[in-house]
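Note that the protein sequences, when read in sequence, are chains A and B.
When you line the first sequence up against our numbering, it's residues 3 to 111, in that order.
When you line the second sequence up against our numbering, it's residues 530 to 641, in that order.
In case anyone wonders, no lab produced these hints; they're calculated from the structure.
Remember, predicted model here, so these are calculated numbers, not experimental data.
You may find that some hints are simply not true.
DSSO-like mimics (lysine-lysine), calculated; alpha carbons at most 30 Å apart, straight line [unchecked claim]:
hint, chain 1, residue 1, chain 2, residue 2
1, A, 98, B, 586
2, A, 98, B, 600
3, A, 59, A, 98
4, A, 58, B, 543
5, A, 103, A, 61
6, B, 538, A, 72
7, A, 58, A, 103
8, A, 103, B, 543
9, A, 59, A, 72
10, B, 600, B, 538
11, B, 586, B, 600
12, A, 59, B, 543
13, A, 59, A, 103
14, A, 58, A, 72
15, A, 58, B, 586
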Amino acid sequence: TQLLEQSPQFLSIQEGENLTVYCNSSSVFSSLQWYRQEPGEGPVLLVTVVTGGEVKKLKRLTFQFGDARKDSSLHITAAQPGDTGLYLCAGGSNYKLTFGKGTLLTVNP
Amino acid sequence: NAGVTQTPKFQVLKTGQSMTLQCAQDMNHNSMYWYRQDPGMGLRLIYYSASEGTTDKGEVPNGYNVSRLNKREFSLRLESAAPSQTSVYFCASTAGYSYEQYFGPGTRLTVT
Numbered sequence: 003t004q005l006l007e008q009s010p011q012f013l014s015i016q017e018g019e020n021l022t023v024y025c026n027s028s029s030v031f032s033s034l035q036w037y038r039q040e041p042g043e044g045p046v047l048l049v050t051v052v053t054g055g056e057v058k059k060l061k062r063l064t065f066q067f068g069d070a071r072k073d074s075s076l077h078i079t080a081a082q083p084g085d086t087g088l089y090l091c092a093g094g095s096n097y098k099l100t101f102g103k104g105t106l107l108t109v110n111p
Numbered sequence: 530n531a532g533v534t535q536t537p538k539f540q541v542l543k544t545g546q547s548m549t550l551q552c553a554q555d556m557n558h559n560s561m562y563w564y565r566q567d568p569g570m571g572l573r574l575i576y577y578s579a580s581e582g583t584t585d586k587g588e589v590p591n592g593y594n595v596s597r598l599n600k601r602e603f604s605l606r607l608e609s610a611a612p613s614q615t616s617v618y619f620c621a622s623t624a625g626y627s628y629e630q631y632f633g634p635g636t637r638l639t640v641t
């Protein structure tokens, strides 16, 4: 069974602070994705990383895929209240996604 | 574009009752998925359909059945609901050549 461990589970910070969320596995995945989920809604895809060592930027969000394609990180610069939500990583293999349990981020004004 | 739609949005059932959750996508995607989301457990795959005409079990299939009615629609049936099936259920779809999944808004099910 493939598992994805996310850390931290909860994170509460002040507006303007930086943060990093981690996603680790002992398995290799074909691709790794990050989703954000707001209360009462379904997850929404933020980014897909495919190549080991790949770095992608989405405005203030920076995503990195580990060289061995087993881990990933999400870094947010100058967090804003609108970044509040549940961040989920997911690894793709055999037509399926395996999800981590998520990091619940709260950004306080 | 509606994307992925799910009905109903909310449902309360009594133990032993049955119901079907409906999901439809208008993106011409090949693959469709049913997940449940519980506090502290993340998203867990119940069943999936890699292509029209095929269905396979996921991580937590017990107590559920699915039907891939056509390329657009994928339904999830609870034959005899149990309190342990109280959860939020999400349907998702993907083109099939990609793992990028698009999710519906969810169905919040309570079994008393």
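Hint check results:
For a cut-off of 30 Å, the pair hint linking residue 98/A to residue 586/B stands: about 11 Å separates their Cα positions. Annotation: proposed proximity of residue 98/A to residue 600/B holds, straight-line Cα distance about 18 Å (limit 30 Å). A distance of roughly 25 Å separates the Cα atoms of residue 59/A and residue 98/A; the hinted pair therefore holds under the 30 Å criterion. Restraint check for residue 58/A and residue 543/B: the C-alpha separation of about 47 Å exceeds 30 Å, so the hint is violated.
Among the hinted pairs, residue 103/A with residue 61/A is consistent with the structure: their alpha-carbon atoms are about 25 Å apart, no more than 30 Å. In summary, the hint linking residue 538/B to residue 72/A is not supported, as the alpha carbons are separated by about 36 Å, beyond the 30 Å threshold. Between residue 58/A and residue 103/A the alpha-carbon distance is near 22 Å, which keeps this suggested pair within the 30 Å criterion. A threshold of 30 Å between alpha carbons decides the hint, and for residue 103/A with residue 543/B the separation of about 29 Å falls inside it, so the pair holds.
This hinted pair checks out: residue 59/A and residue 72/A have alpha carbons roughly 19 Å apart, not beyond 30 Å. The straight-line distance between the Cα atoms of residue 600/B and residue 538/B is roughly 22 Å, inside the 30 Å bound, and the hint therefore holds. Our distance criterion of 30 Å between C-alpha atoms is met by residue 586/B and residue 600/B, whose separation comes to about 18 Å. Restraint check for residue 59/A and residue 543/B: not satisfied, since their Cα atoms lie roughly 47 Å apart, outside the 30 Å limit.
Annotation: proposed proximity of residue 59/A to residue 103/A holds, straight-line Cα distance about 23 Å (limit 30 Å). A hinted pair counts as satisfied when its Cα atoms are at most 30 Å apart, and residue 58/A with residue 72/A qualifies at roughly 16 Å. A C-alpha spacing of about 33 Å is found between residue 58/A and residue 586/B, which places the hinted pair above 30 Å, so the restraint is violated.
Violation of the numbered hints given earlier is confined to hints 4, 6, 12 and 15; the remaining hints are satisfied by the structure.
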